[in-house]
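J.: Below, each chain spelled out in residue letters.
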Amino acid sequence: MRKIILNAAAVLGVLAIVYWATDLYDAALRDPRFFDGWILAVGMAAQLLFHMRRNLPALQIGQASTWLRTHIYTGYFVIGAFAFHTKFSLPDAPFEWVLWGLFALVAISGVVGAFLSWSIPAQLVPDAEQITFERIPALRHSLAEEVETLVTQSLQHPGSRAISEVYINTLSSFFGRARNVPAHLRGSQRPLQAMCVEIDDLERYLEPPGKDTLRQIKDRVVAKDRLDFHYAHLGLLQAWLFVHIPATYCLVALTLIHILVVYAFSSGVP
Amino acid sequence: MPRDLVDRILSQPVFSDVAPGDFPSDLSLHDIIANDSRVLDLASGDIVFRQGTYGTSLFVVLEGDVCGLTTAAGEKAARRYERPNRKPSAFGWLRPQPAERSATGLRLKKPAKITSRFPTARHERNSIFGEVAALTRSPRSNTIFADCDGTQVLEIRWPGVRDLRHWSDAFRRRIDEAYRRDALDEALRQCALFDQVDPDVLKMIRSCAELTSYGSFGWTHGFQTAVSRQTDADGAIDREPAIVRQNDYLDDVLVIGAGFARLSEKLHAGDRTVGYLTPGDVYGLDCVAADASNTRRRSARHSLYGMGYVDVIRIPVAVVDAHLLPAIDDVGQISSLTPSVADLPSRMLDFMVDSRLVNGTRAMAINMDRCVNCDDCVRACAATHDEIPRFKRHGPVHNRLMIAHACMHCIDPVCLIDCPTEAIHRDPVSGTVVIQDASCIGCGTCAAACPYDNIQMEAVRNSEGAFLIDEDGAHIQRATKCDFCAGRSGGPACQRACPHDALIRVDIKSAENLSDWLKHTH
Ligand code: SF4
Ligand code: SF4
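First to last, the protein sequences are chains B and C. Count the first sequence with the working numbering and you get residues 1 to 270, in order. Count the second sequence with the working numbering and you get residues 271 to 792, in order.
Treat the hints with care, as some may be off.
Within a straight-line C-alpha distance of at most 25 Å, the following computed SDA-like cross-link-like pairs (lysine to any residue) qualify [as the list claims (entries may be wrong)]:
{"no.": "1", "chain 1": "C", "residue 1": "K789", "chain 2": "B", "residue 2": "G113"}
{"no.": "2", "chain 1": "B", "residue 1": "K3", "chain 2": "C", "residue 2": "W787"}
{"no.": "3", "chain 1": "C", "residue 1": "K789", "chain 2": "B", "residue 2": "Y73"}
{"no.": "4", "chain 1": "C", "residue 1": "K662", "chain 2": "C", "residue 2": "I774"}
{"no.": "5", "chain 1": "C", "residue 1": "K662", "chain 2": "B", "residue 2": "L241"}
{"no.": "6", "chain 1": "C", "residue 1": "K789", "chain 2": "B", "residue 2": "P137"}
{"no.": "7", "chain 1": "C", "residue 1": "K662", "chain 2": "B", "residue 2": "T132"}
{"no.": "8", "chain 1": "B", "residue 1": "K3", "chain 2": "C", "residue 2": "V776"}
{"no.": "9", "chain 1": "B", "residue 1": "K3", "chain 2": "C", "residue 2": "L671"}
{"no.": "10", "chain 1": "C", "residue 1": "K662", "chain 2": "B", "residue 2": "A122"}
{"no.": "11", "chain 1": "B", "residue 1": "K211", "chain 2": "B", "residue 2": "I199"}
{"no.": "12", "chain 1": "C", "residue 1": "K662", "chain 2": "B", "residue 2": "Y73"}
Counterexamples of contact, computed for chain B against chain C with all Cβ distances above 12 Å [said to hold, decoys possible]:
{"no.": "13", "residue": "Y19"}
{"no.": "14", "residue": "Y76"}
{"no.": "15", "residue": "D92"}
{"no.": "16", "residue": "V166"}
{"no.": "17", "residue": "N169"}
{"no.": "18", "residue": "T170"}
{"no.": "19", "residue": "I259"}
Keep in mind that the hints were calculated from the coordinates and are not lab data. Small disclaimer: the values here were computed from a predicted structure and weren't measured. All C-beta atoms, glycine included, are put in the ideal place defined by N, C-alpha and C.
Between the sequences and the hints, there should be enough to build the whole structure, so can you do that?
T.: Structure, rendered in C-alpha cells:
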C-alpha cells in the first residue's frame, strides 16, 4: 500500500511539474500545445515499450512485473498529460473527436484491465482446479458426454423416463455451450439454483436407480456451472486486451497523422 | 580403457572378492570397468573434488595416498591455495596428451603446508571414497587431494557404481561398509554445531555415535500413486517410519545425515506437521540443554518421522552431557541450530511435506491470487528453448499456492539414479539438474523416476522441423525439462516474464521466503 501511495504521489508530482512548465512556456508567448503535445507523445511512445517487452520474451530485458508497473503509472501520467493537452475540454473537429474517443477507449480499457487483473484471479481461487481458458471446451465436452451416457443408461429403467425428458428440454442445451455468462459476471447464482430446483423436483417421480442417476447428473450440472463461471471470468480477463491493443494501434497511427497535420499547418514557430 | 589396465584394476584387493561370474554375459565386470571408469594420474596437491561441488562418481585409491580436509578452517585455507593444475601453453598442441589429471583441473599450491596446519583424513591404497555423495546425490562434504606424486585414483562413474552394486553382493557390502563409516563423519562435519568442538572430543563423540537408516533408497517407486490416493496428512504419516515419538524419553540426540524427516506434534487425535529436518539439522539437543540439570524430564517435544530414505546419527545423551554441552561456548546457539517451527501455516507445511515438495531447491511457485492465466511465463520459456516450453503451468495446489510441474532441481534428484548414459546429471558447480541432449537415448527412465512428473518426453525434430523416426517407424524421443535457463544471463525467463509477480522460483527450505512472498504479493 505504501508503495502504491508513493508511486501515485510521484505521478502527481511529475504532472504538477509538467503543468507548471507548460505555464512557463505559455508565459514565454509560445504555443503550449506543442510542449504538452510532445510530452504526451513521448509518454505514449514509452507505453508501447511494454508491448514490445511482452512480445519479445526472448530478449528478457528487465523484470516484466517492473515493466507492467511502469506501464500502469505512466498510463496515469499520460491521462493527465492528455487532459492538459486538450485543456480539459471536448474536441471541436471530427478528426479530433476520433482521436479523443480512441484515447478514451485505450485509457478506460487499460484502467478496467488493470482492475480486472487485480480482482478476478482471487475470485477464481476457491474452486480453481487448474481450469485454464483453453481447457474449458474439452472439460465441458467430457462432462456433456458423461451426462449423455448417464441419460442413455437411465433409459433401460422404465421408471426413469423423466430424466430423458429433462435432458431433451433443458440439459442438452445447458451442456452444449457456455451458459449464463452475464449472471456469472454479476455474481448471481440464480440460474444454477433454478436448474437444481428443477432436478430436485424430478426426484419424486423416479425409482431408486433413477434417483441415483439424477444425483450424478446434478453433480455434473454443478461442475458445468463452475466451468461457466471460469469461462466468464477468464474470458473477461482476455477480452479487455482485444479492445485495448487494437485501439492502441489505431491511436498510434492517428496520433502520427495528427502530428504531421499539426506541423504541416503550423506557422513554423512552436 | 585398454584391456591390460582393466586387468590390473581388477587384480586390486578392492575387487578381489568380486566374482566375474556374478555378472550377466552382456554386461561383464570387465566391460563395466572399461566403459564406466577412468584412471586419474595425480601429482601432489591435485584436487580430486572440492567441498560443495556435485558429483556421483565413486573413487578407489590405486597408488599413493589422498587426503581429505576435515575442518571448515582447512577448507577455507585450501581455497586460497588453489590454482589451475596446468597452465595453457601456446605450444601445448606439439606435446603428446598427458594422462588424465584431476577431474577438477585444480591443484593446491602448497599441500604440505595445508596438511601440516590442518587436520586431514587420509585414504590409503585400496580405500574407497566419495561414495556418500554418489549414493545420496548430495554435495561433496570435503575437499580431497593427492598427498604425493604418482598417486593413481580410479574414478567409477555412477552407471558403473550402480551396476557393480546391483550384480555383486561383495562389492555392494564393501561400498555400504564404506558408506556407514564415512556418512557418520560427513554428517558430523556438515553440522555447524561441531565446528567449535575440539578434534579429540569430536573423535570421542564419533566413536560413540551410531548411524541408523530408515526407509529405502527407492522410495520414489509408487510415490505418485500413494500421493494421489492420500486424502489426509495422517495417511502420509502412517506410512512413514517413526524415528522418535513425542513424549518418549530421549536416549539420543539426533543429527540428520541424509534425506528428510518430518517433525510433528500431537493435536487432538492426529499429528500436525510443524517442520521438517534436512541434512545437518539436529534434533533433541534443545531439550537436553534446557533440562541439563533434570535428566528425568528429557522427553521428546515432537515426533520425528522418516520421509523416504533418511540417515540418522544417534549420539547418546550421556555423551552429549559429558562432552558436547561443555564444549559449546554459546548455548544460545543451540536453538538456532535446532530447527524452529517453520514459518508456513500448518496445512501448507503438511502439503509441502506430504507431497515431498520440500525436496525442491528451485521449485516454481505460482500465487493463484495473482495469476491471470496470460501464459507469458510459458511463452518466455518456449522463446528461450527452441519454442518448446520446459514446464506445465499446472500442478498441485494448496490454498492459493500452486507448485507447477517444473523441475525443482531437488536436494535429492532421484531422476539421476537409473539414467544409463548419465545424460541427466547435476551441474558440478551450480547444482542444477540438466540433461545433455547429445547423450540422451530417450529411454524415458528419468521421466518415469521423477516423483513429481516434471520431466517430459518430446519427439525430436530435424532442422527442417520434421520428426525423426527410428527403423521401427516410431518417433525418436528425448527427455526435456526445465534447465533453470542454464547458460542464459538474467536468471529464469519464466520468473522474469511474469508481469503480475505471480511466479517465483524458490528454495522450499527457506520457507520464510515463500511465506513472505505470499504475504507480500497478496
Ligand atoms: S531419457 Fe535420456 S536423460 Fe532420461 S534416463 Fe534416458 S537417457 Fe537419461
Ligand atoms: S506469466 Fe504470471 S500471470 Fe501469466 S500465466 Fe504465468 S504465472 Fe500466471
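J.: Is the Cα-Cα distance between K789 of chain C and P137 of chain B 25 Å or less?
T.: Violated: K789 of chain C and P137 of chain B sit about 34 Å apart, past 25 Å.
J.: Quick one, are K662 of chain C and L241 of chain B close enough, alpha carbons at most 25 Å?
T.: holds (24 Å)
J.: Hey, is V166 of chain B genuinely clear of chain C, shortest beta carbon separation above 12 Å?
T.: Given that every Cβ of chain C is farther than 12 Å from that of V166 of chain B, nearest at about 34 Å, it holds.
J.: Tell me if the straight-line CA distance from K662 of chain C to Y73 of chain B falls inside 25 Å.
T.: The hint is violated at about 32 Å.
J.: Just to be careful, I want the Cα atoms of K3 of chain B and V776 of chain C compared with a cutoff of 25 Å; is the pair within it?
T.: The given pair, whose Cα atoms are some 24 Å apart, holds under the 25 Å limit.
J.: Against the 25 Å threshold, does the CA-CA distance of K662 of chain C and A122 of chain B hold or violate the hint?
T.: holds (21 Å)
J.: Taking 25 Å as the top limit, are the C-alpha atoms of K662 of chain C and T132 of chain B close enough?
T.: Within the cut-off at roughly 12 Å; holds.
J.: Are the Cα atoms of K3 of chain B and L671 of chain C separated by 25 Å or less?
T.: holds (24 Å)
J.: Does the claim that I259 of chain B lies off the interface hold, with its Cβ farther than 12 Å from every Cβ of chain C?
T.: Label holds. Min Cβ-Cβ 30 Å, cutoff 12 Å.
J.: Once the closest CB in chain C is found, is it more than 12 Å from Y76 of chain B?
T.: holds (17 Å)
J.: Determine whether the non-interface label on Y19 of chain B survives the test: each CB of chain C must be over 12 Å from its CB.
T.: Check passes; 30 Å lies beyond 12 Å.
J.: K789 of chain C and G113 of chain B were given as a pair; does the straight-line alpha-carbon distance stay at or below 25 Å?
T.: holds (23 Å)
The structure is inconsistent with the numbered hints 6 and 12, although it conforms to all the rest.
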